[in-house]
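Asks: Listed below are the residues making up each chain.
There are 4 protein chains.
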Amino acid sequence: MIIKIKPNTQDYDIEMLKNYLNEFDIEWQEVKGKKACVWCLIGDTSKIDLQHLKSFNAIESVTKIQENSKCDPYENKPKTEIKVGNVTIGGDNFTVIAGPCSVESREQIISIAMECKNYGAHILRGGAFKPRTSPYSFQGLELEGLDLLLEAKKVTNMPIITEIQSVDMIPRFVKDVDIIQVGARNMQNFHLLKALGKIDKPILLKRGLSATIEEWLMSAEYILSGGNKKVILCERGIRTFETYTRNTLDLSAVLAVKELSTLPVIVDPSHSAGKWSMVEALSKASLAVGADGIIVEVHNNPDCALCDGPQSIKPKRFKNLMDDLKKIAPIIGKKL
Amino acid sequence: MIIKIKPNTQDYDIEMLKNYLNEFDIEWQEVKGKKACVWCLIGDTSKIDLQHLKSFNAIESVTKIQENSKCDPYENKPKTEIKVGNVTIGGDNFTVIAGPCSVESREQIISIAMECKNYGAHILRGGAFKPRTSPYSFQGLELEGLDLLLEAKKVTNMPIITEIQSVDMIPRFVKDVDIIQVGARNMQNFHLLKALGKIDKPILLKRGLSATIEEWLMSAEYILSGGNKKVILCERGIRTFETYTRNTLDLSAVLAVKELSTLPVIVDPSHSAGKWSMVEALSKASLAVGADGIIVEVHNNPDCALCDGPQSIKPKRFKNLMDDLKKIAPIIGKKL
Amino acid sequence: MIIKIKPNTQDYDIEMLKNYLNEFDIEWQEVKGKKACVWCLIGDTSKIDLQHLKSFNAIESVTKIQENSKCDPYENKPKTEIKVGNVTIGGDNFTVIAGPCSVESREQIISIAMECKNYGAHILRGGAFKPRTSPYSFQGLELEGLDLLLEAKKVTNMPIITEIQSVDMIPRFVKDVDIIQVGARNMQNFHLLKALGKIDKPILLKRGLSATIEEWLMSAEYILSGGNKKVILCERGIRTFETYTRNTLDLSAVLAVKELSTLPVIVDPSHSAGKWSMVEALSKASLAVGADGIIVEVHNNPDCALCDGPQSIKPKRFKNLMDDLKKIAPIIGKKL
Amino acid sequence: MIIKIKPNTQDYDIEMLKNYLNEFDIEWQEVKGKKACVWCLIGDTSKIDLQHLKSFNAIESVTKIQENSKCDPYENKPKTEIKVGNVTIGGDNFTVIAGPCSVESREQIISIAMECKNYGAHILRGGAFKPRTSPYSFQGLELEGLDLLLEAKKVTNMPIITEIQSVDMIPRFVKDVDIIQVGARNMQNFHLLKALGKIDKPILLKRGLSATIEEWLMSAEYILSGGNKKVILCERGIRTFETYTRNTLDLSAVLAVKELSTLPVIVDPSHSAGKWSMVEALSKASLAVGADGIIVEVHNNPDCALCDGPQSIKPKRFKNLMDDLKKIAPIIGKKL
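Protein chains in written order, with the working numbering: chain A, 9 to 344; chain B, 9 to 344; chain C, 9 to 344; chain D, 9 to 344.
Any given hint might turn out to be false.
Put simply, identical chains are the same to the list, so a pair is met inside one copy or across any two.
[To be verified] Here are the simulated lysine to any residue pairs, SDA-like style, with alpha carbons at most 20 angstroms apart:
1. Lys-12 x Cys-45
2. Lys-14 x Lys-40
3. Lys-162 x Thr-220
4. Lys-14 x Thr-71
5. Lys-335 x Cys-45
Note that these hints are calculated values from the structure, not bench results.
Extracted from the complex, chain A is given alone in its bound form (with noise of 0.2 angstroms):
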């Protein structure tokens, strides 16, 4: 870290900043030229609060060199893999978690669970609780939607996630959900992401509609530095100018965050995209990229679906997809 002193600073100032840059476990030097003077911050400087540290008096400007996060790119940690029932997440794997957008019916979520089981979905989605912009939208079916999920695992065996809204379900979703889903409005609703520190349950965090991908990180860090280290991170696109896809999906932050950390990574194409026709395309592309996995939405009847019908695939073309992705694996050396 770089830290640029203001020209003529007093020494009081001087000795302000010292005596709190004494707290860490850094060394430092300075660097003096004809206009500017710099120190230069070496160490651990991750549990510096940047913002706190640009207001002494004595600093005119803050940079960081290295990333502010945990994870050294330098050191070759093993990969974090994550284990869910008879399913793993990261290292070499390719997890499908796949699933209508929300629960509607019984036989909805029974019938469409089977089929991706039969075409060998790994995991299960399926949303109980709907955030939606307008208050006039259809909200999910809320507890009964978790209950209908639950008959599903039974039936399917197959391991489900669904996305939670607030701390007071904490207490359901650790009894009954195998993997708590984080949605993208809530990746910085640092109440909740603090309370799931807490719990011994992995965590899909999806990245902000606008999210850097150092926040990201930081907002996972919420959840590690709590004590839970299964967090699994879900690239689910940004908000650009574009306005033909629904978002613009970002490859190449799962890039990215494979050099920044060590944790899985898995895409959302559908709501990326927000388009079924561009669904198995970047799929495969999420595949190719390196990605963990993919979280995708099939859905038996589309043209019904009470949510995001226009951005889910039919068990058909769910069963093509798999079959090109499992092709495709080895080619990246991915186990699917």
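Fit chains B, C and D to the given chain A structure using the hints.
Replies: Showing chains B, C and D alone in chain A's frame:
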């Protein structure tokens, strides 16, 4: 609302669509061309879920002709005015909310509060619970900070505003806080918004970092539709590719929400720019553009501020700012 | 196209609008509701200038129902195929364009060209004129660079592509270059596009840094409408708030232009990420998503590259990449 | 500037780097830590090509501590003032440029010009050559438009500004135009910028649709470094995810360029919002924020404007706007 019908749609699918549309208080008319067939829906389409509608087999695309908002710019509804103690927000009032980013100590908050009051501020701001990107950053004095804020209120007799983090804090906030702030990161924390719709307390709703104006108004709708009509909007800058400023202040959005709603809208020039050197100029611009007020960070020692020091101005500068604002206000037709 | 008529419009203004619309080969129909009155325009509305139409007194708003593009996704037009020497771009071919960012010396360009050729590249890239953000940056060898590129062509018998800067260079480029590249910064240099529409030479049109897909296709339209039908689109990443990568590669855009046009589209994984470590993975993803090819930077000594070294891969990596691409291609239905 | 050295770099690579750095008038100092080794470069690093520097074998990353700009905010250079006829742009002047988006006919341009003049406008704007997204849109009266603009100049004795499209137009523009406008789409048309650097005529350089402030200043540098010091910057809105307004006006950028350069900066409230209803408010905000002027579209019949009618205001509104601006100016310390 315009629906484009898919070519060669079967009667059965047309019927399904008609049955759905008949649930709403709308009329429609079919228009056939060589290549395309569209239905024009007329009436209050705001209750229709776009995503759901798009999922019908018969539909190729759906286009809104009128903003999907409850507020109709054509009926000249009276502007919403919100009373807080002896302060009125909205109408032709320009309200100045001032104070430190976060409450740090008794004398800090009280001395700043008194200076702000003396120079003409109407409402006192101060963060007790601070949402921070990094779990290793100062998170605020929390409940102790709220207690100190209440002491400052007693001394200065100014109403206070502070940010809420979660539903479980609501009872305490209803009891002690005059305006409850919902931060940008919680703009789509629908669980929280629904709960705030059930109480009788003014809510300041900050625009999300990358929220469209429509999403922002829809989040307000979550509170309004719950019965709480006391919503104040706050533009605080959006995320763009520009990195010189912390965010990009979007003053056109102030004009937009005034065209689309009757709610008062204030501007946060401190968080948007992230640079104290820009706060005064952006505050004057906010008044000139027609905002109903500003929420500005004032700190008697920004260089030691535990949070966001670099974007706080000193009391002396705040005094000068107030002097200029008082001169500009009458030209804009605002009372200050 | 849907026109919303202003409330209480006078007959005179309605007449003016009708006179204007009668100039086009379209029909329209009026739909009246309680609150609103709209006209539905049907037919080829692509010749209507939206901005102009909006300026009519009678019109409150204009909404497009069909993309304002010449390419109709419903008629299954044959995909455009472009012949360059013995190479065919488009259709079911996957074309690999490779070479250094900029031509630096005779042995540099010739040695790289020969290696690229040996490993299966079809076309040789190399910058002679380099557009640079700073006037103090290396601007390319210019005409000398073009001469060296021609030597490399003679030796390897590969067609060459290089970027044009201005209209006055066209005669020389028509004489010596096989594919003329229009850079992202010139995507809306209409003066240049019009001139390129009048020649008979393939044009590679890069997407602008923040160009929407529609604007990109409209820029292609400038060339196509001039008579030159040999346009190749190139996705090279868009500008977003994310700074870890140089740009954000938008692979959904590849699918979008295939829905909206018949033109071939290739991907530039080198400029989009700006990191050599991501080039191979993004290249495989580009093939997997269905792109018609890639344009990739290869340098035998990236560490000394005079321009964009950090995003070039070494020949050995390029060889491995080609091996993987050859395995993936048949699964995607592409010839390589 | 800070260079991070790769771990385990060989002496040979260190030498190469030193040789390169010795070409510049800079000093550097090495700082070694447990994990990292950095060099601090001090002096005028503006001549160093970042991309090139990054390409050295020894270098892992490069970080700028000071903006890579010629303008040093610490030396209080006098602000650049530019004389155009009897008008001075910059300093404490607030300059109002007004006129129609495009010249349409003799009486149109002359009548608007006279009204603008009467109400206090200083300079006349009017587009002769219009860059349009679609090749099927009105492209301007071109040379005939320029002739009409000259007539309006004779009648009103106002200096004129109009947009240039390409290098071949320069001689005519030097002869007849008082300020040459470079449009947003040409901000990085370096071929054009270099040519404009060699003439003695004021240039109004619009900010590109998604140009960073640094890129904008670097484009200005292309003109300045050529010898033409008469550059006026123009903020005209940037592209974001928000679609309610045509662009997002970035008034913080006005403050930023004033911190980073001595050049005058004016604001275009018409193109940024794309809505006439916002033009007046945004103009006042531009003055309040400290801009050196505005360039605003005025049309006596916006409903029939051949281009951008919806964002033009009528002369009567322009008069009211001028009245308000004259009242606000002295408070901001500007002459109008």
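Asks: Can you give me the call for Lys-335 and Cys-45, within, between, both or neither, at a CA distance of at most 20 angstroms?
Replies: neither (58 angstroms within a copy, 42 angstroms between copies)
Asks: State whether the alpha carbon distance between Lys-162 and Thr-220 is at most 20 angstroms within one copy, between copies, both, or neither.
Replies: neither (39 angstroms within a copy, 41 angstroms between copies)
Asks: Is it within a copy, between copies, both, or neither that the alpha carbon of Lys-12 lies no farther than 20 angstroms from that of Cys-45?
Replies: both (6 angstroms within a copy, 18 angstroms between copies)
Asks: Between Lys-14 and Thr-71, at a C-alpha cutoff of 20 angstroms, which is it: within one copy, between copies, both, or neither?
Replies: both (14 angstroms within a copy, 18 angstroms between copies)
Asks: With identical chains, the pair Lys-14 and Lys-40 could be close in the same copy or across copies; at 20 angstroms between alpha carbons, which is it: within, between, both, or neither?
Replies: within (12 angstroms within a copy, 23 angstroms between copies)
Checked against the numbered hints given earlier, the structure breaks hints 3 and 5 and satisfies all the rest.
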